[in-house]
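Student: As a plain string of letters, each chain reads:
Number of protein chains: 2
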Amino acid sequence: MDTYRLAMIGFGNVGQGFAQILAERGPQLARAYGLNLKIVAVCDLLKGSLCDPAGLDPAALLAAVQSSGRLDSIPAPHRGWDALGTIAKVDADALIELSYTDLKTGEPAITHLRAALERGLHIVTTNKGPIALCYPDLKAIADEHGVEIGAEGTVMSGTPSLRFGQELLAAAGITRIQGIVNGTTNYILTQMENGMDYTAALAGAQAKGYAEADPTGDVEGYDAAGKVVILANLLMGASLDMAAVDRTGITALTPQDIAAAQSAGARWKLIGRVESENGKIIASVRPTRLPLAHPLASVGGATNALTFTTDLLGDVTVVGPGAGRLETGYALICDLLAIHRKQRQ
Amino acid sequence: MDTYRLAMIGFGNVGQGFAQILAERGPQLARAYGLNLKIVAVCDLLKGSLCDPAGLDPAALLAAVQSSGRLDSIPAPHRGWDALGTIAKVDADALIELSYTDLKTGEPAITHLRAALERGLHIVTTNKGPIALCYPDLKAIADEHGVEIGAEGTVMSGTPSLRFGQELLAAAGITRIQGIVNGTTNYILTQMENGMDYTAALAGAQAKGYAEADPTGDVEGYDAAGKVVILANLLMGASLDMAAVDRTGITALTPQDIAAAQSAGARWKLIGRVESENGKIIASVRPTRLPLAHPLASVGGATNALTFTTDLLGDVTVVGPGAGRLETGYALICDLLAIHRKQRQ
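Residue numbers (this note's numbering), protein chains in the order written: chain A, 1 to 345; chain B, 1 to 345.
A pair holds if it fits inside one copy or across any two, identical chains being indistinguishable in the list.
No farther apart than 30 Å at their CA atoms in a straight line, the calculated lysine-lysine pairs in the DSSO-like style are these:
no.: 1; residue 1: K89; residue 2: K139
no.: 2; residue 1: K342; residue 2: K89
no.: 3; residue 1: K139; residue 2: K342
no.: 4; residue 1: K342; residue 2: K38
no.: 5; residue 1: K104; residue 2: K280
no.: 6; residue 1: K280; residue 2: K139
no.: 7; residue 1: K89; residue 2: K38
Simulated from the structure, these hints should not be mistaken for laboratory data. Since the model is a prediction, treat every value here as computed from it, not as a measurement.
Make a model of the complete structure from these sequences and hints.
Tutor: This is the structure we're talking about:
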């Protein structure tokens with residue numbers, strides 16, 4: 001039985017989902033995979049920071065946050081370290097980086113991830129910012145230190161899409177990847193087909209917690225563009241930046257556009273796409289009218305889907321959740337198990 | 001660079017697809033994965049049998065079969081060994097078993113696979129017979145000899161479905177797997193929706209090479225039942241036999257049934273299904289009326305699809321080709337790369 005000691009930066013929704021999975025299934029995962037996942041540090045800007053080399057009970061962490069919104073009630077030999085202090089001092093095997101997403105600067109996550117890699121820790125994150133903005137750099141540091149990067153949760157949350165592409169499809173020759181990678185806009189478009197106008201559909205998405213108060217990142221296609229960059233750079237060997245993505249959001253779509261598509265037997269979807277054209281990688285995010293028979297047309301609500309076009313298999317599509325607390329928490333489990341498999345080589 | 005010496009039993013469609021992939025992409029795969037795949041023996045009942053420890057050129061094998069239907073023109077130090085002779089004498093790392101499929105006895109493949117495992121060879125096959133009928137036995141022999149079994153091509157041809165489930169979804173807790181796993185019946189049902197009756201649709205499938213002269217295996221659901229057993233035993237820890245599958249084919253479906261579904265906004269699909277119910281594994285194959293909005297309803301023609309229901313991710317669906325020469329050949333590549341990854345652990 002191997003043990004991975006985990007330091008967590010950020011203990012919001014995803015971090016709590018991860019802790020819940022460990023609380024409910026940790027022993028079962030350990031038996032099945034020979035890997036004991038032990039949280040030894042948690043550092044959260046709002047909830048507090050603590051470190052215990054003997055291990056922190058995930059159920060106790062959850063209970064503390066639920067009752068007080070903070071981690072103060074949990075006994076621990078070290079407290080109050082900030083994120084960089086935690087990374088510098090903790091005795092850990094992997095850093096789980098779950099600070100907030102900034103698709104313009106990638107910070108503070110990039111700084112955290114670099115520091116962890118330099119210390120020889122594996123890094124696992126569901127944060128699109130650093131992976132979309134600086135994956136090639138992070139990968140170089142990781143290779144130099146013989147450690148791994150897990151980023152499964154940055155695209156389609158816990159639906160295994162990056163590892164599906166990397167581990168199971170890459171040898172078939174991936175020439176194009178396209179799909180629905182933003183659940184918020186897909187939900188809004190589904191509601192508009194049911195007769196709502198854009199403003200009402202957006203308000204509904206905000207009420208459900210799908211869209212943020214400032215919805216720009218979703219509705220203007222920045223979130224999808226970040227995911228397209230990640231797909232290009234991790235699965236197609238590109239080194240694109242955000243500016244390389246030809247990006248159009250859904251805000252200009254009118255109820256008339258939606259109705260016209262419906263009466264033509266079609267449906268609007270915000271499609272992220274990356275493809276190899278004459279040896280060059282071309283990337284885009286734009287509203288696309290798909291015939292109803294298209295496999296991506298029937299993907300409704302907050303579900304995500306990606307179609308990989310390959311030389312040997314033609315099209316292979318994966319459909320699954322694109323968000324959710326346990327779902328995204330599972331992405332971290334999937335990455336840690338994959339790193340464990342790889343490290344035993 | 002590691003080298004895997006491969007002995008092939010059977011050089012029909014799938015074997016030739018595999019050889020074509022090696023001829024076109026062998027060096028590229030070797031560079032990308034550090035694995036040199038070298039065919040050292042081919043034994044085919046009709047085309048002849050030869051063995052060359054120095055390696056057989058896959059392009060030359062294909063050219064010989066194309067020009068003469070046989071392998072006689074290729075120089076080789078050993079010729080004329082039968083299947084068991086080849087397995088007993090060849091100096092190889094893996095056996096690729098591609099003899100014909102018999103879902104009643106599993107032979108001659110079971111005998112070939114046992115003999116190879118006993119000699120310490122990995123086995124890789126796209127043949128449902130032995131995997132559906134005797135996987136637990138074969139796995140025990142493989143474990144005893146420290147070798148691996150690859151069976152990706154037995155379900156959904158080269159679409160990575162078994163490894164997707166085993167390597168990327170299993171930790172999410174698979175509770176049910178259901179889907180369209182027989183392309184022939186799905187093609188017939190799609191044609192019946194377009195207005196054909198069953199007899200005409202079957203004749204069309206036979207003309208296209210999708211259905212065999214005796215279509216019983218497909219239309220009565222035996223092929224799908226074999227795949228359901230494989231999914232249950234490889235992904236859900238069951239040890240079902242064929243008789244445990246509650247099986248109904250599509251032969252009783254009438255044009256009236258099809259029309260009635262259509263006017264109710266639904267569609268008939270032959271659904272293979274395995275699920276865990278109160279700790280017991282229940283398996284079935286039966287025509288099922290799905291609402292059009294169901295993710296499996298839009299999977300038409302010879303395409304296959306599987307939906308995995310999991311504790312942590314809910315439903316995750318994979319859609320891809322269910323047949324084809326290169327597609328099924330890719331399943332062997334996918335398995336050999338996975339075995340190579342595992343062996344380096």
